[in-house]
Amino acid sequence: MSPTPFLVLSALLFSIGTLGVLVRRNAIVVFMCVELMLNASNLAFVTFARQHGNLDGQIAAFFVMVVAAAEVVVGLAIIMTIFRTRRSASVDDASLLKY
Amino acid sequence: MIAFWILAPLMVVCALGMVVSRKAVHSALMLAVVMVSLAILYAAQDAPFLFAVQIIVYTGAVLMLFLFVLMLVGVDASDSLVETLRGQRLLAIAVGLLFAIVLVAGLAQVTVGAVVGLDEANIDGNVPGVARLLFSNYVFAFEVTSALLITAAVGAMVLAHRERLSAKPTQRDMALQRMRDYADRGVHPGPLPGPGTFARHNSVDTPALLPDGTPSELSISRVMRARGTVRDVEADRAAIARVDDETNVLRGGGDR
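Residue numbers (the working numbering), protein chains in the order written: chain A, 1 to 99; chain B, 1 to 256.
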């Protein structure tokens, strides 16, 4: 099967993730949307690995997964810390960090 | 490739649902559907190792972590609809749509050559093939990953750690405090009454009955009273009285 449908699906998922990051205010949902974007790029990696007939794409997707796992741990810990001090998980409320 | 045409619309719908849904838990569940579908697409594209990793790491670990934090933060912590920047939401939707159109249109223009396929690369299995690459060409990146993971673990511990500002009260302190409260304000020093035991209900939502038959407010958790899930004792009593009456009638009938 041609890789184009996979790439289009990947692009659509990535755009939906971007939309979510722009629209949503709940920090946890924003974070989920970032995960969706990472997953979409992974799909493109795997598709290109099959297209080119070598496994480097799959290795790249694997490293993305590792980094995403580490990122989720730290990100959620930061969200928890902010929630503990401000009793809110909204990204708007954390704007006072700049002062 | 039937799997693709079944899964792709499902994934897009679920991803949109994730962005749209009001409750964060629904978003997480939609994301789970997307991730499992992605795992199946990996399997369909000759990547069985990534299929397993996707399910174990993403659906297993990452989503569990998300749900954990959602439970800690509070499930009902929904989005605020207050717009801090005027027109930001509409603009964001417009930009997102534009981005999607540009990306998809651009991809549709691209001509890709013939698919080589992974049959040759996977000749002694996908996992050995991935391992050979990972431990030769990418071994340095792999080693750096360990530093990243350790840093992440330490970071999470540092962020989640809460400094204790006062000494932890010991059992002795608490006992003294109880007696002081009793002396000052007459607060009962013993344990609170447990929830009541009825013939049919001994669950925690049934209040204990005081000697005069009124339900004891102290025997019910504050949270349950706030949520209004405390059992109505009067209704129970009426039901029990009715059952008693019927039993008496039956018993009287048996005697006759």
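Just so you know, these hints were derived from the structure itself, not from any lab.
Cβ atoms here follow ideal geometry from the backbone N, Cα and C, with glycine treated the same way.
Watch out, some of these pointers could steer you wrong.
[To be verified] Listed below are several chain A residues computed to face chain B (Cβ distance under 7 Å; list not exhaustive): (1) Pro3; (2) Leu13; (3) Ile16; (4) Leu19; (5) Val64; (6) Met65; (7) Ala70; (8) Val72; (9) Ile82; (10) Phe83; (11) Thr85; (12) Arg87; (13) Asp92.
Subject >> Minimum beta-carbon distance criterion (7 Å), Ala70(A) to chain B >> reply: Since the shortest Cβ distance to chain B is 4 Å, the answer is holds.
Subject >> Satisfaction of the Ile16(A) interface hint, Cβ to chain B closer than 7 Å >> reply: Hint on Ile16(A): holds, closest Cβ of chain B at ~4 Å, below 7 Å.
**OP:** With a cut-off of 7 Å on the beta carbons, see whether Val72(A) makes it to chain B.
**Re:** holds, 5 Å
Original post:
Given Met65(A) as an interface hint, is the shortest Cβ-Cβ distance to chain B below 7 Å?
Top reply: holds, 5 Å
Original post:
Would the hint on Leu19(A) stand, with a C-beta cut-off of 7 Å toward chain B?
Top reply: holds, 3 Å
Original post:
Hey, does the Leu13(A) contact hint survive, CB to chain B under 7 Å?
Top reply: The hint holds - Leu13(A) has a Cβ within 7 Å of chain B, the shortest such distance being about 6 Å.
Original post:
Are Ile82(A) and chain B close enough, Cβ to Cβ, to be under 7 Å, as the hint says?
Top reply: Because about 10 Å separates Ile82(A) from the closest Cβ in chain B, which is outside the 7 Å limit, the hint is violated.
Subject >> Closest C-beta approach of Val64(A) to chain B relative to 7 Å, hint status >> reply: Result: violated, 10 Å to nearest chain B Cβ.
**OP:** Tell me if Asp92(A) is really an interface residue toward chain B, meaning its C-beta lies closer than 7 Å to one of theirs.
**Re:** holds, 5 Å
Subject >> Minimum beta-carbon distance criterion (7 Å), Thr85(A) to chain B >> reply: violated, 11 Å
Subject >> Restraint check, 7 Å cut-off on beta carbons, for Phe83(A) near chain B >> reply: Check passed: Cβ of Phe83(A) comes within 5 Å of chain B, closer than 7 Å.
Original post:
Per the CB criterion, is Arg87(A) less than 7 Å away from chain B?
Top reply: violated, 9 Å
Violated hints, in rising order: 5, 9, 11, 12; the structure is consistent with all others.
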